[in-house]
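Work the whole structure out from these sequences, hints included.
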Amino acid sequence: MKIIIVLAVLCLFTRLFRIAAGTLDIKKLNIISYAYYNILIFSFIGASLVFLGFRDHYLIADIKSEAVIHKTYLFLCYAIIVFPASVILCNFLLNGRKIRKQYEKQLQTGAAYRNGEKVVFIFSAAMAVIGISATIYMFVCIGSVPILHLNQTSEELARISSQVNRNFAGNTYIKNIVVLTFVPLFSYLTYVYWRTSRKIHWGMLFFIFFITSILVKTHDLSKAPVIYYAFHFIVIEVILNNRKLFRYLFAFGALGLICIFLQYKYIMGYNTNFFTIRSGPGGRIFMTQIATLFLHIQAFPEQIPYLNGASLPTVLAKLAGIPDSWVRSGREVMKLYNPAAVSDGTAGSMNAFFIGEAYANWGTAGAFAAPVIIGIHFSVAFTLLLKMKKTPLSIMLYIALFQMLTGALQGGFVDYLYNIGIILTIAMVYGISVLLSRGKLGVRKPLRWKRIQ
Numbered sequence: 003m004k005i006i007i008v009l010a011v012l013c014l015f016t017r018l019f020r021i022a023a024g025t026l027d028i029k030k031l032n033i034i035s036y037a038y039y040n041i042l043i044f045s046f047i048g049a050s051l052v053f054l055g056f057r058d059h060y061l062i063a064d065i066k067s068e069a070v071i072h073k074t075y076l077f078l079c080y081a082i083i084v085f086p087a088s089v090i091l092c093n094f095l096l097n098g099r100k101i102r103k104q105y106e107k108q109l110q111t112g113a114a115y116r117n118g119e120k121v122v123f124i125f126s127a128a129m130a131v132i133g134i135s136a137t138i139y140m141f142v143c144i145g146s147v148p149i150l151h152l153n154q155t156s157e158e159l160a161r162i163s164s165q166v167n168r169n170f171a172g173n174t175y176i177k178n179i180v181v182l183t184f185v186p187l188f189s190y191l192t193y194v195y196w197r198t199s200r201k202i203h204w205g206m207l208f209f210i211f212f213i214t215s216i217l218v219k220t221h222d223l224s225k226a227p228v229i230y231y232a233f234h235f236i237v238i239e240v241i242l243n244n245r246k247l248f249r250y251l252f253a254f255g256a257l258g259l260i261c262i263f264l265q266y267k268y269i270m271g272y273n274t275n276f277f278t279i280r281s282g283p284g285g286r287i288f289m290t291q292i293a294t295l296f297l298h299i300q301a302f303p304e305q306i307p308y309l310n311g312a313s314l315p316t317v318l319a320k321l322a323g324i325p326d327s328w329v330r331s332g333r334e335v336m337k338l339y340n341p342a343a344v345s346d347g348t349a350g351s352m353n354a355f356f357i358g359e360a361y362a363n364w365g366t367a368g369a370f371a372a373p374v375i376i377g378i379h380f381s382v383a384f385t386l387l388l389k390m391k392k393t394p395l396s397i398m399l400y401i402a403l404f405q406m407l408t409g410a411l412q413g414g415f416v417d418y419l420y421n422i423g424i425i426l427t428i429a430m431v432y433g434i435s436v437l438l439s440r441g442k443l444g445v446r447k448p449l450r451w452k453r454i455q
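3 is the number of the first residue of the sequence shown in my numbering; add one for each residue after it.
Mixed in with the good hints there might be a few duds.
With a straight-line cut-off of 30 angstroms between C-alpha atoms, the simulated DSSO-like cross-links for lysine-lysine are [as the list claims (entries may be wrong)]: (1) Lys246 - Lys66; (2) Lys320 - Lys30; (3) Lys73 - Lys29; (4) Lys120 - Lys201; (5) Lys120 - Lys66; (6) Lys4 - Lys100; (7) Lys337 - Lys120; (8) Lys389 - Lys30; (9) Lys29 - Lys201; (10) Lys73 - Lys337; (11) Lys225 - Lys107; (12) Lys100 - Lys201; (13) Lys107 - Lys29; (14) Lys391 - Lys100; (15) Lys66 - Lys337; (16) Lys30 - Lys201; (17) Lys201 - Lys219; (18) Lys389 - Lys107; (19) Lys4 - Lys73; (20) Lys107 - Lys120; (21) Lys389 - Lys100; (22) Lys66 - Lys100; (23) Lys225 - Lys389; (24) Lys30 - Lys107; (25) Lys337 - Lys29; (26) Lys100 - Lys219; (27) Lys389 - Lys29; (28) Lys246 - Lys30; (29) Lys389 - Lys103; (30) Lys4 - Lys107.
Computed beta-carbon distance windows for the label pairs [stated by the list, open to error]: (31) Gly347 - Gly172: 11 to 21 angstroms; (32) Phe94 - Gly145: 15 to 25 angstroms; (33) Ala322 - Ile5: 41 to 51 angstroms.
Hint data in this document are derived by calculation from the structure and do not stem from the laboratory. Quick caveat, the model's predicted, so the values are computed rather than measured. Think of the CB as a built atom: it goes at the ideal place given N, C-alpha and C, for glycine as much as any other residue.
The following block contains the structure:
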């Protein structure tokens with residue numbers, strides 16, 4: 003019976019996402035189809051294995067009740083069905099029925115880069131100076147460049163990573179906004195200009211941003227950020243309708259596997275079987291990520307009281323009259339299940355699938371509302387891709403929304419309620435557009451709400 007449930011959910015989940023995204027073709031990847039593959043790989047497969055009886059994983063062993071497993075799987079199935087259903091409804095209201103044709107047409111449209119190119123280059127060059135200066139400031143505040151310490155033990159590396167993230171001595175706005183957000187985004191912008199114009203000065207500026215971004219993305223020794231950073235160049239190639247995209251995908255996949263192997267073999271000292279979901283890379287991808295969702299459902303409210311909005315950013319918490327803010331559920335769950343690692347500074351957070359933080363704060367109501375809210379966010383981002391004129395600026399905006407919205411799928415629900423990075427990126431893109439075209443964002447077709455017949 004359980005296997006029938008899993009297969010039925012998989013079929014419905016896939017069907018809804020295919021409608022919502024227009025296509026699930028990897029060579030035509032978009033923000034919604036990427037969400038499908040992200041959820042399938044990092045959440046659904048592992049959760050289904052646990053639901054079907056798999057328990058041989060160190061985090062799954064902490065689950066004490068079969069009822070917790072069933073409840074968690076029910077929440078997950080609800081979320082992965084309602085999420086694309088919300089996107090479909092919102093897409094219909096904003097774009098009508100022919101999503102696939104609209105997306106195909108946008109992919110085949112060439113990118114217009116000549117309007118205001120000189121102004122954008124001057125602005126980007128100024129941003130390079132600011133970004134490099136801010137990056138130097140960040141590493142001075144950290145006290146070193148952590149990537150240069152890869153010869154240390156895995157425990158020492160974990161401690162360095164935790165200290166960088168939790169005890170940063172400098173201005174966090176400079177670090178999080180200027181360095182971690184704007185520097186990589188401008189590397190994408192300059193790449194698009196270089197890719198479309200083939201001009202040397204754009205290539206040189208891109209190279210500067212690229213090298214700086216690699217340092218930025220490895221500042222806390224995390225493995226994933228630099229991989230995702232590289233992956234977003236493939237997303238750009240999709241938008242630019244690169245006919246040789248399969249070669250990029252193959253090269254990226256091969257490079258990613260090599261990096262993962264080297265990371266586990268020589269840095270982490272992992273010497274057992276790599277091809278298992280009990281441990282190693284397979285366990286990290288398929289089981290560890292989703293196991294934290296089960297632990298969230300088990301922990302709240304029986305072991306930890308509901309946070310009641312305490313995970314919200316300070317701005318929203320004050321507006322809602324909540325005394326605490328930025329109390330992330332992943333950190334609270336880590337304190338509960340691995341207090342020793344927290345106390346010695348080697349543990350981070352047990353980040354979960356987005357409904358985990360929604361449930362930790364607002365219980366069942368939060369878990370039920372979360373996929374609807376997130377579905378609207380994704381639909382609006384997809385609509386911008388379909389409606390805006392294809393320019394380097396609009397591509398940068400789309401990539402910013404792509405990385406911030408998809409990055410929070412396995413990170414935290416409150417990032418969808420208030421994200422200063424998205425707000426400032428939109429403001430910056432609009433500001434540049436004011437210089438180029440007197441405030442016009444270059445929308446090819448106006449948004450029209452479709453009447454439901």
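Taking the hints in turn, this is what the structure says about them:
1. Of the supplied pair hints, the one linking Lys246 and Lys66 is violated, its CA atoms being roughly 50 angstroms apart against a limit of 30 angstroms.
2. Straight-line distance between C-alpha atoms of Lys320 and Lys30 comes to about 42 angstroms, which puts the hinted pair past the 30 angstroms bound.
3. Using a Cα cut-off of 30 angstroms, the hinted pair Lys73 and Lys29 is violated, with the two alpha carbons roughly 36 angstroms apart.
4. Between Lys120 and Lys201, the direct Cα distance comes to roughly 12 angstroms. Compliance with the 30 angstroms bound is thereby established for this hinted pair.
5. With a CA separation close to 62 angstroms, the supplied pair Lys120 and Lys66 exceeds the 30 angstroms bound.
6. For the hint linking Lys4 to Lys100, the alpha-carbon distance of about 36 angstroms lies beyond 30 angstroms, and the restraint is violated.
7. Of the supplied pair hints, the one linking Lys337 and Lys120 is violated, its CA atoms being roughly 52 angstroms apart against a limit of 30 angstroms.
8. Between Lys389 and Lys30 the alpha-carbon distance is near 17 angstroms, which keeps this suggested pair within the 30 angstroms criterion.
9. In summary, the hint linking Lys29 to Lys201 is supported, as the alpha carbons are separated by about 27 angstroms, within the 30 angstroms threshold.
10. The hinted pair formed by Lys73 and Lys337 meets the criterion: a straight-line CA distance of about 23 angstroms does not exceed 30 angstroms.
11. Restraint check for Lys225 and Lys107: not satisfied, since their Cα atoms lie roughly 36 angstroms apart, outside the 30 angstroms limit.
12. As the CA atoms of Lys100 and Lys201 are separated by approximately 37 angstroms, the hinted pair breaks the 30 angstroms bound.
13. For the proposed pair Lys107 and Lys29, the alpha carbon gap of about 15 angstroms is at most 30 angstroms, so the pair holds.
14. For the hint linking Lys391 to Lys100, the alpha-carbon distance of about 18 angstroms falls within 30 angstroms, and the restraint holds.
15. Simply put, Lys66 and Lys337 have alpha-carbon atoms about 18 angstroms apart, close enough for the 30 angstroms limit, and the pair holds.
16. With a C-alpha separation of about 27 angstroms, the suggested pair Lys30 and Lys201 falls inside the 30 angstroms cut-off, and the hint holds.
17. Between Lys201 and Lys219 the alpha-carbon distance is near 26 angstroms, which keeps this suggested pair within the 30 angstroms criterion.
18. A C-alpha spacing of about 11 angstroms is found between Lys389 and Lys107, which places the hinted pair at or below 30 angstroms, so the restraint holds.
19. Under the criterion of a C-alpha separation no larger than 30 angstroms, the hint pairing Lys4 with Lys73 is consistent with the structure, at around 14 angstroms.
20. Distance restraint check for Lys107 and Lys120: the Cα-Cα separation of roughly 28 angstroms lies within the 30 angstroms cut-off, and the hinted pair is therefore satisfied.
21. Taking the CA atoms of Lys389 and Lys100, the gap is near 13 angstroms; set against the 30 angstroms cutoff, the hint holds.
22. At roughly 47 angstroms between alpha-carbon atoms, Lys66 and Lys100 are farther apart than 30 angstroms, so this suggested pair is violated.
23. A hinted pair counts as satisfied when its Cα atoms are at most 30 angstroms apart, and Lys225 with Lys389 does not qualify at roughly 35 angstroms.
24. Distance restraint check for Lys30 and Lys107: the Cα-Cα separation of roughly 12 angstroms lies within the 30 angstroms cut-off, and the hinted pair is therefore satisfied.
25. This hinted pair does not check out: Lys337 and Lys29 have alpha carbons roughly 41 angstroms apart, beyond 30 angstroms.
26. Taking the CA atoms of Lys100 and Lys219, the gap is near 38 angstroms; set against the 30 angstroms cutoff, the hint is violated.
27. The suggested pairing of Lys389 with Lys29 holds, with an alpha-carbon distance near 21 angstroms, which does not exceed 30 angstroms.
28. In summary, the hint linking Lys246 to Lys30 is supported, as the alpha carbons are separated by about 12 angstroms, within the 30 angstroms threshold.
29. For the suggested pair Lys389 and Lys103, the alpha carbons sit about 13 angstroms apart, so the restraint of at most 30 angstroms is met.
30. The straight-line distance between the Cα atoms of Lys4 and Lys107 is roughly 42 angstroms, outside the 30 angstroms bound, and the hint therefore fails.
31. The hinted range of 11 to 21 angstroms is satisfied by Gly347 and Gly172, whose Cβ atoms lie roughly 19 angstroms apart.
32. Remark: the range hint 15 to 25 angstroms for Phe94 to Gly145 is contradicted by a beta-carbon distance near 53 angstroms.
33. Between Ala322 and Ile5 the C-beta distance comes to about 43 angstroms, which sits within the given range of 41 to 51 angstroms.
This entry does not satisfy hints 1, 2, 3, 5, 6, 7, 11, 12, 22, 23, 25, 26, 30, 32, going by the numbered hints stated previously.
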